[in-house]
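So in this note's numbering, spot 139 of the sequence shown is number 140, and the numbers just go up one at a time.
Keep in mind that the hints are not guaranteed to be accurate.
No farther apart than 20 Å at their CA atoms in a straight line, the calculated lysine to aspartate or glutamate pairs in the EDC-like style are these [what the hints assert, rightly or not]:
id: 1; residue 1: 167; residue 2: 140
id: 2; residue 1: 78; residue 2: 121
id: 3; residue 1: 92; residue 2: 47
id: 4; residue 1: 86; residue 2: 47
id: 5; residue 1: 19; residue 2: 111
id: 6; residue 1: 136; residue 2: 116
id: 7; residue 1: 22; residue 2: 121
id: 8; residue 1: 108; residue 2: 62
id: 9; residue 1: 22; residue 2: 140
id: 10; residue 1: 156; residue 2: 168
id: 11; residue 1: 93; residue 2: 125
id: 12; residue 1: 139; residue 2: 168
id: 13; residue 1: 81; residue 2: 143
id: 14; residue 1: 155; residue 2: 143
id: 15; residue 1: 167; residue 2: 121
id: 16; residue 1: 103; residue 2: 62
id: 17; residue 1: 92; residue 2: 41
id: 18; residue 1: 23; residue 2: 125
id: 19; residue 1: 108; residue 2: 55
id: 20; residue 1: 108; residue 2: 95
The set of hints was computed from the structure by calculation and includes no laboratory data.
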Amino acid sequence: MIKYDNLFYILNGGDTFKFNKKLIATLGIELCALTTYLIERALNREEKDELTEDGYFTLTDTDICLYSGLEAVRLSKIKKLGIEKSIFETKKVEGVEGTFYKPNLEKIFELMISEKSVSELSYERIFKEERADEKFTKESLEALTFRDLRILCKKLNISFNGRNRKEELIDKILRNQENSNLQIEF
């Protein structure tokens, strides 16, 4: 029989990562995993006085994949996204193996203390192209995936079941919009 106190102790030990739910909701699981790993490494390097004067530290892609659980084929896209979102900075130095990283702790902290709920942040990430002043059109809904339509139905409290086809979900959303003159707001 498992003792939950022991499980909690293991999860809070030094060999684990803790993911912030708001970071997952805002960044997605992969970028959140990389961000969490970079923060952990930065704190570890700071303790050992291994940061450069401007706060950077070096890591190889192999180390990141090995210790964060991220797939090597996805790493460059994840890093690019993190740089675009100003989650961290990178630089290459000639003659040094690996890349220098510097997490933007202020930006990360802002994301973590957002007043929005985890649910709101998740919907914003998934439907980032939606604007509050636009009504849904059949064409805009057809551009969404079946999965995204189901998520949108959930967000709008529109009932559906596993047998509904994509066209049926679109019709339900449009009918709901007509009935309530609905506009999505984030």
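Hints versus structure:
Taking the CA atoms of residue 167 and residue 140, the gap is about 13 Å. The hint holds against a cut of 20 Å. Between residue 78 and residue 121, the direct Cα distance comes to roughly 25 Å. Violation of the 20 Å bound is thereby established for this hinted pair. At roughly 18 Å between alpha-carbon atoms, residue 92 and residue 47 fall within 20 Å of each other, so this suggested pair holds. Distance restraint check for residue 86 and residue 47: the Cα-Cα separation of roughly 24 Å exceeds the 20 Å cut-off, and the hinted pair is therefore not satisfied.
About 17 Å separates the Cα atoms of residue 19 and residue 111, which keeps this hinted pair within 20 Å; it holds. Under the criterion of a C-alpha separation no larger than 20 Å, the hint pairing residue 136 with residue 116 is inconsistent with the structure, at around 26 Å. Using a Cα cut-off of 20 Å, the hinted pair residue 22 and residue 121 holds, with the two alpha carbons roughly 12 Å apart. For the given pair, residue 108 sits about 23 Å from residue 62 by alpha-carbon distance, which is inconsistent with the 20 Å threshold.
For the proposed pair residue 22 and residue 140, the alpha carbon gap of about 33 Å is over 20 Å, so the pair is violated. For a cut-off of 20 Å, the pair hint linking residue 156 to residue 168 stands: about 18 Å separates their Cα positions. Our distance criterion of 20 Å between C-alpha atoms is broken by residue 93 and residue 125, whose separation comes to about 33 Å. Annotation: proposed proximity of residue 139 to residue 168 holds, straight-line Cα distance about 10 Å (limit 20 Å).
Only pairs whose Cα atoms come within 20 Å are accepted, and residue 81 paired with residue 143 is rejected, the gap being roughly 29 Å. A distance of roughly 17 Å separates the Cα atoms of residue 155 and residue 143; the hinted pair therefore holds under the 20 Å criterion. For a cut-off of 20 Å, the pair hint linking residue 167 to residue 121 is broken: about 24 Å separates their Cα positions. At roughly 15 Å between alpha-carbon atoms, residue 103 and residue 62 fall within 20 Å of each other, so this suggested pair holds.
For the given pair, residue 92 sits about 19 Å from residue 41 by alpha-carbon distance, which is consistent with the 20 Å threshold. Between the alpha carbons of residue 23 and residue 125 the distance comes to roughly 12 Å, so the proposed pair stays at or under 20 Å and holds. For the proposed pair residue 108 and residue 55, the alpha carbon gap of about 17 Å is at most 20 Å, so the pair holds. In summary, the hint linking residue 108 to residue 95 is not supported, as the alpha carbons are separated by about 28 Å, beyond the 20 Å threshold.
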